[in-house]
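S.K.: Okay, here's what each chain looks like letter by letter:
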Amino acid sequence: SWRRERKPPSGNAKAEPALPSSANQSKAVSEKPNYALKFTLEGHTEAVSSVKFSPNGEWLASSSADKVIIIWGAYDGKYEKTLKGHNLEISDVAWSSDSSRLVSASDDKTLKLWDVRSGKCLKTLKGHSNYVFCCNFNPPSNLIISGSFDESVKIWEVKTGKCLKTLSAHSDPVSAVHFNCSGSLIVSGSYDGVCRIWDAASGQCLKALVDDDNPPVSFVKFSPNGKYILIATLDNTLKLWDYSRGRCLKTYTGHKNEKYCVFASFSVTGGKWIVSGSEDNLVYIWNLQTKEIVQKLQGHTDVVISAACHPTENIIASAALGNDKTVKLWMSTY
Amino acid sequence: MAHRGGERDFQTSARRMGTSLLFQLSVHERELDLVFLDHSYAKPWSAHPDASSARPTRMLFVTPRRQHESTIESDVPIDVETVVSTPVPLYDNQKARSVMNECERHVIFARTDADAPPPPEDWEEHVNRTGWTLAQNKLFNKILKALQSDRLARLANEGACNEPVLRRVAVDKCARRVRQALASVSWDTKLIQWLHTTLVETLSLPMLAAYLDALQTLKGKIPTLIDRMLVSSNTKTGAAGAEALSLLLKRPWDPAVGVLSHNKPSKLPGSPLILIASSGPSSSVFPTSRRHRFWQSQLSCLGKVVPVATHLLPGGSGAGVLQCLEHMVGALRSKVLEIHSHFPHKPIVLIGWNTGALVACHVSVMEYVTAVVCLGFPLLTVDGPRGDVDDPLLDMKTPVLFVIGQNSLQCHPEAMEDFREKIRAENSLVVVGGADDNLRISKAKKKSEGLTQSMVDRCIQDEIVDFLTGVLTRTEGHVGSEPRDQDAEKKKKPRDVARRDLAFEVSERGSRPASPAAKLPASPSGSEDLSSVSSSPTSSPKTKVTTVASSQKSSQIGSTQLLKRHVQRTEAVLTHRQAQAQFAAFLKQNMLVRKALPPGTSSCLFEQTEEAEKEELRVQLKRHHPSSPLAGSKTCKRPKIKVSLISQGDAAGGPCAPSSGAAPEAAGGKPLTMTLGQASTGAAELTGLLATAKSSASEGGVSASQASSVVSSSASPSALHTLQSRLVAPSSGGSLPGAASASSLLQGLSFSLQDISSKASGLPASPSPGPAPQAASVKLPTPAQSLGAVTTGAGSIVRAVPVATALSSLGATPGGKPTAIHQLLANGGLAKLASSLPGLAQISNQASGLKVPTTITLTLRGQPSRITTLSPVGTGAAPSEEPASQVLPSNSQFCYLARTT
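Top line first, the protein sequences correspond to chains A and B. 388 is the number of the first residue of the first sequence in my numbering; add one for each residue after it. 347 is the number of the first residue of the second sequence in my numbering; add one for each residue after it.
Dumping the calculated BS3-like pairs for lysine-lysine here, alpha-carbon to alpha-carbon at most 27 Å:
id: 1; chain 1: A; residue 1: K513; chain 2: A; residue 2: K468
id: 2; chain 1: A; residue 1: K546; chain 2: A; residue 2: K471
id: 3; chain 1: A; residue 1: K546; chain 2: B; residue 2: K519
id: 4; chain 1: A; residue 1: K614; chain 2: A; residue 2: K678
id: 5; chain 1: A; residue 1: K546; chain 2: B; residue 2: K488
id: 6; chain 1: A; residue 1: K454; chain 2: A; residue 2: K471
id: 7; chain 1: A; residue 1: K496; chain 2: A; residue 2: K507
id: 8; chain 1: B; residue 1: K536; chain 2: B; residue 2: K488
id: 9; chain 1: A; residue 1: K646; chain 2: A; residue 2: K683
id: 10; chain 1: B; residue 1: K789; chain 2: B; residue 2: K519
id: 11; chain 1: A; residue 1: K549; chain 2: B; residue 2: K484
id: 12; chain 1: A; residue 1: K646; chain 2: A; residue 2: K454
id: 13; chain 1: A; residue 1: K549; chain 2: B; residue 2: K519
id: 14; chain 1: B; residue 1: K567; chain 2: B; residue 2: K789
id: 15; chain 1: A; residue 1: K683; chain 2: A; residue 2: K465
id: 16; chain 1: A; residue 1: K646; chain 2: A; residue 2: K678
id: 17; chain 1: A; residue 1: K513; chain 2: A; residue 2: K546
id: 18; chain 1: A; residue 1: K496; chain 2: A; residue 2: K471
id: 19; chain 1: A; residue 1: K454; chain 2: A; residue 2: K468
id: 20; chain 1: B; residue 1: K484; chain 2: A; residue 2: K513
id: 21; chain 1: B; residue 1: K519; chain 2: B; residue 2: K484
id: 22; chain 1: A; residue 1: K659; chain 2: A; residue 2: K419
id: 23; chain 1: B; residue 1: K488; chain 2: A; residue 2: K513
id: 24; chain 1: B; residue 1: K519; chain 2: A; residue 2: K594
id: 25; chain 1: A; residue 1: K546; chain 2: A; residue 2: K468
id: 26; chain 1: A; residue 1: K549; chain 2: B; residue 2: K491
id: 27; chain 1: A; residue 1: K507; chain 2: A; residue 2: K549
id: 28; chain 1: A; residue 1: K659; chain 2: A; residue 2: K425
id: 29; chain 1: A; residue 1: K454; chain 2: A; residue 2: K546
id: 30; chain 1: A; residue 1: K678; chain 2: A; residue 2: K643
id: 31; chain 1: A; residue 1: K614; chain 2: B; residue 2: K789
id: 32; chain 1: B; residue 1: K491; chain 2: A; residue 2: K594
id: 33; chain 1: B; residue 1: K491; chain 2: A; residue 2: K513
id: 34; chain 1: A; residue 1: K507; chain 2: A; residue 2: K454
id: 35; chain 1: A; residue 1: K546; chain 2: B; residue 2: K491
id: 36; chain 1: B; residue 1: K491; chain 2: A; residue 2: K496
id: 37; chain 1: A; residue 1: K454; chain 2: A; residue 2: K549
id: 38; chain 1: B; residue 1: K789; chain 2: A; residue 2: K594
id: 39; chain 1: B; residue 1: K488; chain 2: A; residue 2: K549
Calculated directly from the structure, the hints in this document are not laboratory data. Just so it is clear, the structure is predicted and the values come from calculations on it, not from any experiment.
Turn these sequences into a full structure, and let the hints steer you where they fit.
M.R.: And the structure:
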């Protein structure tokens, strides 16, 4: 699929020599971040597909086309462990709210539930009839949601590993699924160009968001408070929607995104930014309110497929495809 | 007039703002109150300047329209972080969560083989489907799907702020799907019994809990069918499991438990008679809807309720609609006249649902009544809205309150406003947001606002009380009855006492034979075993009596309400007693009149439950039974039997004794427990004895220091002895609360029940050695109930047992065979009591459409501040709110019994 390519392994985080930042400087520049590369995490042997910080801020998980998940220290980029078990490439990985579990979505049509501490696979969720492409926990972490190339969204019970509900309302592969902060809603995006909001309890579709020309939706997620959703489409555009009113509020452009399902994120620890990878090997940072690009992070040598923001610190993790295969940690004073 | 109205608005608003729970419930919709508080001349936007009689509309749970933002969003900073704080649930969240998880906690009781390991999480793979028929597979899959959806809803709602309401909605949905699945096989007995057994055996515990929740819900709706389903498993399982299961399934839980019972509606001033107009001809085939029955009992918290039913004439299929309507109006009108002639000063309030509301309005034009309340007013007709120039309703002069649903089909708020401006009578309008014609709110509304129907109903009731209080207070001046103090704070008014004393009074009166048909107790105390009354040879099973139907909940609310007040017998009471006695006589006479009427005409029965509640013990026996012209071996009586176990320590703040048996109230002097024996007997009421049955409700004060008074006021000393000994005996050997294994708890439970039964059999046995109902010949279930309350002050082990027990039992098995109450109970314990009674009700023939919802409710209630011990065995700490009393898991078992406390 899209998110990966291949290359050989290694296993260490290379620390960048020095930090150019200074606090005075950043304040003076008024509301602009000063992210700088801190660590380059090498270990994956193929394209990295996804990076996620654990909710407690301790860890960073990265999934890759080399069929493994690697856990890294979130602050120092230190290699912690590798979770092995999938037979094919992994497209996505997600943390449970208590940071003790991981779920991964793989091309082997299964999801796997992992215990992070022991590194063991607890459950294998079988049911999809094609590549599983995206996954997430709900806030109480008793449910897992997954989207697949079989065009369905499935809701799984964590405890039993059983599929409780299959939502089939997309007519193309599902590219992203996400729960809102209260766990009452699910948003799913698909290549058919539609974003759907679902009632998590009943599995009923509450709303479908469609833009005028419906470009394939490559990524979608709720804002931290669940009031808005961020939608990435394969026409080089990110949009912030007020879904309750069905209105697009903000549009973020300037990056390149036409081919891959690139992750985007809300950065709320310092200034309020939108962070996204890009197919021009950069990480883009926009001001959420003004929509202007406030910083571009250079360093990767391939498509930046994933960018994630640390829950409490001004840290961005980014990961790139097969030419690069690394995960990079960026830090900012603002 | 206008000024007075304004003044009143101000007063009620101020009061409501300060005190009412319902203000909290619907706080957003009460800006009206704020307006009135502002200035004396402030007018709400909805005031009718040209029609001063139309008071401003009140909105209940009507979501205000969202204001459209005119500004373009680009300028507005977007906050992606701040989570809108979720509103605090309007109910007692902790309690709601506790009752919500009842089935989960006790799911193990449903398992047939409790010792075997529960099915694994992947039980689905282990289900052996070999040998299943196609129908079985299909049914099983349907149920499974329903349960899976329910599971999803549970998990998704976990931790939500209004989780109990969401869960309730989800469970209702699951129950509906299960019911549909079962209906799809036409409730084929074999198939559904197989299904139940299979599910119980194979489902994993969480799924089984969900299944039980669904069963619990359905049991409240279609008890007979569910019982039929459970029969096989009950016989197979151990007695303990069966008992617990039947307890568990007794009544669906309600998230609003607690809230409503802690905030009780108050009685209306002036003790008005509330006449409920029927909204259509009733017949045994189509009994009044459950909702109407429920409301009937709700209203009975406010005052005397008299449902006026209109029956189809025999062979009345040819009767036209117009005739029927005339009949309904006539019935109500004659009832009004009747009351007028007997009680010229008694205020009369007419209440009706839908068509009944219309009937009530029309009657109010013809006869003088104090007020009219229209619930779900059918404003829109095929010819357009009512209120044309020739509409007689425009001539109404009686104050009228309209309560309509926002989404009602027969009415529209705006059309209603137009209509209201045309009526000359003082009128008010309450719009219930998201509600339909029957004032039921939608599921979406429940979800989004965290409401339950019970909460909404209470708010509606509150509005009714507000309206009626205003009207009644004013009319009192005109009528010139006793001067009333309107101050809401002064709850302990003599007249309150007097009213509450009615039952007592009636029972006193009962000792003087007032009705020739009544077989009255000879003892001056009036405490007679009522089963003997029931066996009166004059009983006739064929006569029909329409009873005030009441649902458990509301009546419990009423009872708790009154429980809180302590009786003060003052001299002043006596005069009231006389008045009440007069009233009781009227009731009695009324019954006789009823009886004389041919079957098919309306009849009524006065409910007195709320009246008798100062007693610390009480038994309620209520029943609904549609009048049934069928007089076969199968009767259509639908007894609703409610047994309340209410224990209440007198010594508030006394030692909270988590350990068994110790009562907080050993201190003497005060009456510790009171006894109220009350019975209505099926046979007796047929002969018009109902009033008598009521009148023979007995009450005795039993005090530790006044053992002799006990003796005199209760049936006989020997009976008391029996009671005491039985109470003490199990207590000495009783298990300790600490050792609370499931089985021992269950044992304890049944012990206590047996104990109750023994008491019950003890008391009635002495006055009439043959407690077995002799009405067996007519094959009528003869509910007799008696209640013993015992406090032993001398027991060495158990010093005092503040046990309030009540027992109601039926003397006939489904087969029509009479069974002695005590045998039934002593042998079977609670479960038998529980399971056999509905069984009795199953007499009715489901196929013919005669549904017989029989509900037996055992209620154990304790005052929150007091510790109560139900059973000498120590199992039943009453569900008091003190943690100390919650030592036992078995508590929760009694929670089934006492959910509404």
